[in-house]
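Colleague: Each protein sequence line maps, in turn, to chains A, B and C.
The first sequence begins at 1 in the working numbering and counts up one residue at a time.
The second sequence begins at 1 in the working numbering and counts up one residue at a time.
The third sequence begins at 1 in the working numbering and counts up one residue at a time.
Don't read these hints as lab results, they were simulated from the structure.
Ideal Cβ positions, reconstructed from N, Cα and C, are used throughout, including at glycine.
Heads up, none of these hints are tricks.
One side of the interface only, derived from the structure: several residues of chain A facing chain C at Cβ under 10 Å:
1) P90
2) V97
3) L262
List time: in silico SDA-like cross-link candidates among lysine to any residue, alpha-carbon distance up to 25 Å:
4) B/K70 with A/D88
5) B/K70 with B/R56
6) A/K276 with C/P222
7) B/K131 with A/F281
8) C/K146 with A/Y254
9) B/K225 with B/E211
10) A/K118 with A/N213
11) A/K261 with C/F258
12) C/K324 with A/V91
13) C/K146 with A/G252
14) B/K131 with A/L152
15) B/K57 with A/P85
16) A/K261 with C/V114
Partial list, derived from the structure: chain B residues whose beta carbon lies under 10 Å from chain A:
17) T72
18) R77
19) V80
20) R92
21) N98
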Amino acid sequence: MTQLTQQILSGVATGAVYASLALALVMIYQATESVNFAQGEMAMFSTYIAWTLVQAGLPFWAAFLLTVLISFIGGVLIERVIVRPVHDAPVLTHVIVFIGLLVILNAVAGWIYTYTVKEFPSPFPSKPLFGGAITGHDLGVICVTLAMLMLLFAFFRFTPLGLAMRAAAQNPESAKLAGIRVGWMLAMGWGLAAAVGAVAGVMVAPVLFLDPNMMSGVLLYAFAGALLGGISSPGGAVLGGLIVGVLENLVGTYLIASELKLSTALAFIILVLVIKPSGLFGRVAIKRV
Amino acid sequence: MTALLEVSDLRASYGPAEVLHGIGFAVEEGGITALLGANGAGKTTTLRAVCGMVSRKGDVRFAGERIDGKATEAIARLGVAHVPEGRGTFVRLSVEENLRIGAYGRRDRGAANDDMERMYQHFPKLAGRRKQQAGTLSGGEQQMLAIARALMLKPRLLVLDEPSFGLGPMIVASIFKIMETVRREQRVSILLVEQNAALALELADHAYLIETGSMVMGGPARALKENEQVRRSYLGY
Amino acid sequence: MSAPGTIVSALPAQRIAGLDADFWRRVLIALAVMIAVLLPWAVSDYRVFQFTQAAIYAVALLGLNILTGYNGQISLGHGAFFAIGGYAAAILMHKLGVPYYLTIVPAGLAAFAVGVLFGLPALRLEGLYLALVTLSMAVATPQFLKYFDHWTGGSQGILLRKPAAPLWLPIGRDRWLYYQVLIVLLIAFWAGSNLLKSRTGRALVAIRDHPISAAAMGINLPLYKTCAFGVSALFTGIAGAMAAIVTGFVAPDSFNVFLSISFIVGSVVGGIATVSGAIFGGIFIQFIPNIANQISDAAPWAIYGMFLLGFMYVMPKGVAGFIKERAIRYRQARESADADEAR
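Make the full structure from the sequences, and use the hints.
Modeller: As C-alpha cells, this is what we get:
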C-alpha cells in the first residue's frame, strides 16, 4: 500500500513535468493549429542555459528566474524569425519546420555542451518526507508546477494582455479589428510556451540528467498527455499530463519490464483515444459540410 | 459637412483576380452611408479593403489621414470599428470578455468600465448574460454583442457588414433603432452594407450602388429611393 | 445550365492542351529514366551505392505520399513498415533460405497485412491523434524488434550475404544491385501513378478533401482508408526489403524514430501529394546529411536543420510542387503572350 502511494506520488511529480510541457504544446496549438515538435528541445536548451548560469556561480533560484526570462525572449524570437515566414503554409510544412528547429537545437546543444551526460543540481532536499511517501525533490517539483500553473491561469484570466492573447488565438481576424496586434500576441504565446518549457526542463533535469536528448521521451509523453486531456483544453492537457505520469510509473513498477514501458504506456493511451477520439476533456470537433 | 472617410479608385484582388475595379465613395462626419448591391457585387470586399483585410490599392483617407497602406489593427486603433460578416464573435469567451476586447485598442482604457455599463443599458439583454459564453447567445443577441463590442472601441466610424443577416424583422428593427440612437448620442458615423435595401435607404443619408465590383450610382439616399432602376431591382415595387 | 453543345466544342481544345502537357511529361520521364540508367557509369562505386539507397527511399516515400499526401492520413511512423519489410526479407533469407529476389513480394505483402490491421484503429483517429499513434509506433519499433529476439536476432540483428552479380555479367555488385532496385522502382512508380490516376486515386483525394461529401457520393470510407494504409505499407515494405538486401544487414537501431521522421521530411520536402516528389525526397534524405557533414564537421545536424528550413521557406509545397507551380506560371505567361500576339 505504501509502495503504491509512493509510486503514485512520484508519478504525479513526473506528471507535473509532462503537464507543463503539454500545456506549452496546447498554447502553441491553439494559436497555430500545429504541434510544436521542437518544444522538448527548446526546454532542453533552456535547461542548459540554467546549468551554465549555475556553473557561473549564480544562486539556483536566480539562475532559474533568469533562465525563464531568457527562454521567453528566445521563444518570441523563434516565432518572429523562424515560424513567421511559413505562417500561411500547410500544416505539414509547419511540422517540417518544427522538425528542422528540433534538429538544429539538438545539434547546437551537442556542439556547445557535448553529448556527455551532466549532473544537474536539485534545489530541494533529496531526503524522503512524510514517512517515505514522497521525496523532497518530487514535492518541490509539484509545488513549483502548481505555482506556475496558478500564475498562468491568473495571467490569462485577469489581465487585459492575457485576454487579448486568448482572443488572438481564437479569432485572429476579429482580434485585429479590435486593434489587437495579433502577430505580437502569437510571438508572446511562443515566449510563454518556451518559459513554461524551461520550468519543466529545469525541474526534470535533476532526475533525467542533462544531455541533448533528454527531452525526447518527455515530449512524447507530453504530446500523449495533451491529446489524452484534449488538445483544445489547457486544463485538460495538464490533467492528461498528470495521468500519463502516474500511468507510466505504475506500468513500469507493476506490469512490465522497463524496455517496453514506453510502448505499453503509449498503447494504453492509444486505446483511450480510439474509444474517445477527442480526448477525455476536449471539445468534440464539429464537422461542417 | 466634411467627409470622415473618403475613398477613391479603390481596387482589391484575391490572388491574381481583381474584384473591385476602382470604387469611390465617402462617409460624412456623423452621417450614415449605405452600400447596396446584389450578392457577390463586392460590398463586403469593399469594407474589407477599407480596413486592410484584403490586398488593395487606391486612396483611402480617414479623417484626412491616408490609411490604404496601414495594417488592420492600426486602422482599428485610429477609431474604425468593423463588425465583420459573420459578426466575429469570440464564441468561447464570455459576453463581458468580448466587450473588454472591444476596448483593447483605445487609449483611455480606464473609462472602458463606464462604457461597458452604457452598453448594458443600450442592450439590456446582454446585461443579464455577462458571464455567459458568447457562443451560446442567440443570433440576435450575438449581433447586439458584436455592435456593442465595436462601440466599446469608442469609434469615430462604425463599419457594419449586413447587421440584419439571418435575423427576424423584430430584432432587425430594434437593432436599427439602436444604431440611430448611437449615431445621435455619440456622433458615430456609420458605413453600412445591407441586403435589405428598403431598410438601409430608410436609415442612411447617402447610398451607393455597387454592381460587379464597380460603382454604378451614388448620392443622397432619397434620390436613390426614387430612382426607377433601384426601385425595380432592389426595392421590388 | 450551359447547353450540351458548348461542352462538346470545348473538348478538342482541351485535348490539344492536355496532349501538349502530357507529351512534355513523357519526354521528361524518358529523359529521367535515361539519366538513371546511365548514371552508374558516371560515378564511383560508393556513389552508386548511395544512389541505390536514394532509389529505395524514393519507393518508401511513394508509399507515404499515397497515404499522407493523397489520402490525408498523417503518418510519422512509416519506419515501422520499412522495418517489417526489411525483417521479413531477412528472416526469409536467413532462416528459410529463400533466394533474395523472391523475398521482395512476400515482404511487401507482410507489410500490407500489418498496414491494413493498423489502418483499422486508425479509422477512429484523425490528424494529430493519428500523428501521435504513428509516432508511438515509430518509437516502439526498435523496442519490439529487440524483445522478440528469437526471430529478429535481438539487438545484434541479422547479417545477410549481399547478392553478387551473375558471372556472365561484367558489372560489379553495386551496379548490379542498383539496376535491380531501379527496375523495382520503375514498376513501383508505374503502378503507383496508375493507381492514383484511377477511380481509386480520385476516391482517396476526395476522402482527404471532403470526407463527408465523399461518403455522400457513395465512397466506402473505411474500405478506402484501410486500403490506403495497406497499399502505402506495401510500397514502404518493399523498399524495406530492398534496403535489407542491399545493405546485407538488419538491426533494430537502424529502424528508430529518426528513420520515420526522415521519411516524413523527405515526403514533404520532395512534394507531398505528388508522385515525382518521392524521387526528390529520396535524394534529399540520402544526400543532404552527407552534404551537411561536409559543410560542418562539428554540428552537421544543425546544417541539416537549416537545409530543412531553407527548403521550406523557398518551396513550401516541396520541390515537385515548386516545379509544378513554375510550369503553370510559365504556361500562363506564354498563353497570355500568345493572346496578345493574336490581338
